[in-house]
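**Student:** So the chains spell out like this:
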Amino acid sequence: MHALKHVHDSRPQSDEGPVAIGLERVCKIFDAQGIKANVLDDVNLEVRQGEFLAIVGPSGSGKSTLLNMIAGIDPPTAGVIRYDGRPVSGVSPQTGYLTQHDSLLAWRTVADNIAVPLEIRHMPRAARDTQIQAIVQMVGLTGFEGHYPRQLSGGMRKRVMLARTLVYNPETILMDEPFGPLDAQLKTVLQGELLRLWSNSNKTIVFVTHDIVEAITLADRVVVLSSRPGRIKLVEEIALKRPRDVHAVRFMPAFEDHYKHLWDAIEVDVHREAQR
Amino acid sequence: MSAPDIAGDAPDTTRQEKGARADAALIWLYRLLLLLGVLAIWEAAADRLIDPFWTSSPSAIAATLAKWLTSGLLVQHLFVTFKETLLGFFIGAVLGIAGGTLIGQSEIVRRTVDPFVTALYGVPKIALAPLFIMWFGIGMMPKVVLAGVSVFFLVFFNTLSGVREVDGKLVEALRIMGASRWDIQRKVMFPASLPWIFLGLKLGLPYGFVGAVAAEMMASNQGIGFLTQSSAGQFDTAGVFSALLALMAVTSGLNEALGHLERWIFRWR
Numbered sequence: 046m047h048a049l050k051h052v053h054d055s056r057p058q059s060d061e062g063p064v065a066i067g068l069e070r071v072c073k074i075f076d077a078q079g080i081k082a083n084v085l086d087d088v089n090l091e092v093r094q095g096e097f098l099a100i101v102g103p104s105g106s107g108k109s110t111l112l113n114m115i116a117g118i119d120p121p122t123a124g125v126i127r128y129d130g131r132p133v134s135g136v137s138p139q140t141g142y143l144t145q146h147d148s149l150l151a152w153r154t155v156a157d158n159i160a161v162p163l164e165i166r167h168m169p170r171a172a173r174d175t176q177i178q179a180i181v182q183m184v185g186l187t188g189f190e191g192h193y194p195r196q197l198s199g200g201m202r203k204r205v206m207l208a209r210t211l212v213y214n215p216e217t218i219l220m221d222e223p224f225g226p227l228d229a230q231l232k233t234v235l236q237g238e239l240l241r242l243w244s245n246s247n248k249t250i251v252f253v254t255h256d257i258v259e260a261i262t263l264a265d266r267v268v269v270l271s272s273r274p275g276r277i278k279l280v281e282e283i284a285l286k287r288p289r290d291v292h293a294v295r296f297m298p299a300f301e302d303h304y305k306h307l308w309d310a311i312e313v314d315v316h317r318e319a320q321r
Numbered sequence: 250m251s252a253p254d255i256a257g258d259a260p261d262t263t264r265q266e267k268g269a270r271a272d273a274a275l276i277w278l279y280r281l282l283l284l285l286g287v288l289a290i291w292e293a294a295a296d297r298l299i300d301p302f303w304t305s306s307p308s309a310i311a312a313t314l315a316k317w318l319t320s321g322l323l324v325q326h327l328f329v330t331f332k333e334t335l336l337g338f339f340i341g342a343v344l345g346i347a348g349g350t351l352i353g354q355s356e357i358v359r360r361t362v363d364p365f366v367t368a369l370y371g372v373p374k375i376a377l378a379p380l381f382i383m384w385f386g387i388g389m390m391p392k393v394v395l396a397g398v399s400v401f402f403l404v405f406f407n408t409l410s411g412v413r414e415v416d417g418k419l420v421e422a423l424r425i426m427g428a429s430r431w432d433i434q435r436k437v438m439f440p441a442s443l444p445w446i447f448l449g450l451k452l453g454l455p456y457g458f459v460g461a462v463a464a465e466m467m468a469s470n471q472g473i474g475f476l477t478q479s480s481a482g483q484f485d486t487a488g489v490f491s492a493l494l495a496l497m498a499v500t501s502g503l504n505e506a507l508g509h510l511e512r513w514i515f516r517w518r
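The listed protein sequences correspond, in order, to chains A and B.
The first sequence lines up with residues 46 to 321 when you count with my numbering.
The second sequence lines up with residues 250 to 518 when you count with my numbering.
FYI, nobody ran anything at the bench for these hints, they're computed from the structure.
Glycine included, each C-beta is placed from N, C-alpha and C at the ideal position.
Heads up, some of the hints might be wrong.
Each pair of labels, with its calculated beta carbon distance range [stated by the list, open to error]: (1) A273/B - D228/A: 54 to 62 Å; (2) L344/B - D228/A: 20 to 28 Å; (3) G200/A - E266/B: 46 to 54 Å.
For lysine to aspartate or glutamate, the following EDC-like pairs were computed, each having C-alpha atoms within a straight-line distance of at most 20 Å [claimed, not checked]: (4) K332/B - D485/B; (5) K418/B - E238/A; (6) K418/B - E222/A; (7) K248/A - D147/A; (8) K418/B - D119/A; (9) K278/A - D265/A; (10) K418/B - D147/A; (11) K278/A - D309/A; (12) K232/A - D256/A; (13) K418/B - E356/B; (14) K248/A - D265/A; (15) K81/A - E91/A.
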């Protein structure tokens, strides 16, 4: 609906609405005591509003660094990152970020952890409780509201973090291997949940993963990063129609083609990585 | 479906719990025996091996304590020391937490003041007592100040390490959610450094007592320190021991209470 005023827009990639996130000639060099690491080199990318974009690449290809820069917690060494057309210069309150490491507050229960972003937004207690209850149910944590993080498994802690990100309804969500440590079954369940949430919400999602199957299952487009210095090697438009069934999608003929393309692009780097 | 699990676990845990409880009871018994043994040796040694003028005897101490308790003397003096210590403890703790939190905000500020604070910390607090007595007279004030200073440094240094040890990832996570500096202070920095702050408080409490009692010994007409000093002045060894024993009981009780509070606050661990 808000795409109407942008219909004249004719960027090559933005055939479905305005650009939410734009990266122009972005480079990142880490300088640790004189040892320079060129992590990302000349990355150009546009993420459309409401798009589900996946980023895959070998370890050390700067995927997490890319998300950190979009989130505004780490500035690029060169180049510009725009959010809604404005250069990113700090943390954006419209962006939710599900990081790879555990950042739950150990002294708060599950419900109180999920409450943190709502407390920050000064939501009254009653409204907070209703919202927390709904989100707890959605991520399947009912009955664990009063548990402390130490009492939960790794997968459950991930779900609390997901709930904590979803609960304040950010328009863009960055996810860094959110389902990485989960078992295959739970992973599929949560992928299905995520797709359902996303398709009802017109949120923009940038999803970093090392799992090609996961990337194809979820995303509109998959970006392949090369190993260090990370460059965009391939942008694959995923042609699988929506709504997708996360269980059935991998048996479609188109899936195999996508998998082959992406694997070919990634393979060289993975082999090089393995030989180190 | 979880019923067999529970059934399978139950005997094991109860057996373990029972074992632990039996151990605890046994240890209490041993403690009692140890105490009685020491008291018996002391009692036997007095009059036979050592002149009770120097070491008194458990029975004499018990008599003195009973006399003091019935006359209300002990409670009156204990109460004074108690008040001085707690007031000093409270003031020192508040200033220590506030100071540590504030200075922990900036590495530059911390490094600037570090040598000065460390130098001040190195001064034996007792050595400040004459100065405080000179400034504030012989009432409760110099005792409160000395207790406060003793507590302050311990709480300050512990708070400072606590603030510096906070996991940067947690701060970052809250920043991404749009938290203000104040939010981060309240929701991450303070609760995350609470274990360190508590350690400072626990270490500080006995030092607060030491400060108050030491100042009382130098110049005072009330308090446990005064009672000890005046008993010694009258060569009343039983009186000195009685006063010390009372002080010991009070500090043990307070430490125990603080331990309970700690377990309640950190129940998430």
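**Student:** So, for every hint listed, does it hold in this structure?
**Tutor:** For each hint, the structure was consulted:
1. A273/B - D228/A: 54 to 62 Å: violated (41 Å)
2. L344/B - D228/A: 20 to 28 Å: violated (52 Å)
3. G200/A - E266/B: 46 to 54 Å: With Cβ atoms ~30 Å apart, the hint is violated.
4. K332/B - D485/B: violated (26 Å)
5. K418/B - E238/A: violated (27 Å)
6. K418/B - E222/A: Given pair K418/B, E222/A holds - Cα atoms ~16 Å apart, limit 20 Å.
7. K248/A - D147/A: Violated, at about 24 Å.
8. K418/B - D119/A: holds (13 Å)
9. K278/A - D265/A: OK: K278/A and D265/A at ~17 Å, within 20 Å.
10. K418/B - D147/A: holds (8 Å)
11. K278/A - D309/A: Roughly 11 Å between the alpha carbons, so the hint for K278/A and D309/A holds.
12. K232/A - D256/A: holds (11 Å)
13. K418/B - E356/B: holds (18 Å)
14. K248/A - D265/A: holds (13 Å)
15. K81/A - E91/A: Judged against 20 Å, a Cα distance of about 28 Å means the pair is violated.
Of the numbered hints given earlier, the model fails hints 1, 2, 3, 4, 5, 7, 15; all others are met.
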